[in-house]
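Undergrad: Sequence:
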Amino acid sequence: MRTAITQADTHFALLVCQPAPLAFDGRGIDGLPDRMLPLDELRNILVAGVPRPVQDAVWQRLAVAARSWGPAWVVGAVGVAVPGLTRMAARLSRGLPGLAEDIDSEILAGFLHALRTEDLERPRLWLRLCWAAWRAGYAARRVEDTVELPADLHTGAGAPHRPYGHPDLLLGRAVAAGVITAAQADLIGSTRLGDVLVEQIAAEHGVAASVIRMRRKRAERTLVKALTRGELSAARPATRPASRVGR
3 MRTAITQADT
13 HFALLVCQPA
23 PLAFDGRGID
33 GLPDRMLPLD
43 ELRNILVAGV
53 PRPVQDAVWQ
63 RLAVAARSWG
73 PAWVVGAVGV
83 AVPGLTRMAA
93 RLSRGLPGLA
103 EDIDSEILAG
113 FLHALRTEDL
123 ERPRLWLRLC
133 WAAWRAGYAA
143 RRVEDTVELP
153 ADLHTGAGAP
163 HRPYGHPDLL
173 LGRAVAAGVI
183 TAAQADLIGS
193 TRLGDVLVEQ
203 IAAEHGVAAS
213 VIRMRRKRAE
223 RTLVKALTRG
233 ELSAARPATR
243 PASRVGR
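Position one of the sequence shown corresponds to residue 3 (our numbering), numbered consecutively onward.
Hint data in this document are derived by calculation from the structure and do not stem from the laboratory.
Note that beta-carbon positions come from the ideal geometry of N, C-alpha and C, so glycine has one too.
Treat the hints with caution; some may be incorrect.
Unchecked claim - Label pairs and their calculated CB-CB ranges:
| id | residue 1 | residue 2 | range |
| --- | --- | --- | --- |
| 1 | Asp197 | Arg220 | 19 to 27 Å |
| 2 | Val49 | Ala205 | 26 to 34 Å |
| 3 | Cys19 | Arg126 | 27 to 35 Å |
Hey, can you work out the whole structure from these sequences and the hints?
TA: Listed below in structure tokens is the structure:
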């Protein structure tokens with residue numbers, strides 16, 4: 003499954019490709035090799051385990067780099083954190099497959115916010131970054147109105163006795179019937195079936211990602227109710243106008 007964290011890891015892999023991988027200066031940090039370390043090598047060292055002072059020193063430098071040296075270092079810092087964030091996401095989404103993508107996304111958003119804002123002089127920086135990510139991911143579990151589209155909708159294998167059709171056609175039929183707006187259909191289709199991230203839409207509209215997720219969940223809840231009532235076996239005239247996602 004493609005999630006915000008796996009996508010970040012894909013971008014990280016590109017940054018550490020030879021012959022010129024993004025590298026961390028390990029010189030001056032006791033416990034690290036006294037040389038430039040490609041970030042994937044640094045990640046492996048941290049995963050294997052280092053003393054807490056070494057961990058804090060590494061993350062202090064990574065946070066400074068992410069804040070000062072441009073987007074590549076933001077991706078690099080996140081990539082170094084991916085093993086920990088992945089374990090966190092797996093634990094938080096256990097038993098909640100329908101929320102796994104949202105939980106992953108919130109974990110990453112929480113981590114990024116902390117990477118930009120945490121006090122770098124206080125001890126246990128890595129622990130504080132992780133707690134920020136955990137709190138954000140845990141909050142995604144508690145969002146109300148978490149009714150999701152049926153899992154089989156993504157494969158086009160809808161209920162056999164109702165001619166719902168391919169998910170894209172179903173969304174179009176729901177718009178034609180006035181069940182959801184065109185903007186809501188586009189939001190569901192682009193983020194559930196396409197390659198658009200919720201964070202991307204949130205940035206375009208100047209709102210938090212959690213706001214966009216809530217709008218999507220409400221639209222999905224309306225769609226599920228219409229499916230349950232059998233209202234989408236044939237298109238009906240639209241009964242309400244389309245609106246922008248940001249409204």
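Undergrad: Work down the list of hints and note, for each, if the structure agrees.
TA: Cross-check of the supplied hints:
Our hint of 19 to 27 Å for Asp197 and Arg220 holds, since their Cβ atoms are close to 23 Å apart. Look at Val49 against Ala205: about 31 Å separates their beta carbons, and that is inside 26 to 34 Å. Roughly 32 Å separates the CB atoms of Cys19 and Arg126, a value that falls within the hinted 27 to 35 Å.
Of the numbered hints listed earlier, not one is contradicted by the structure.
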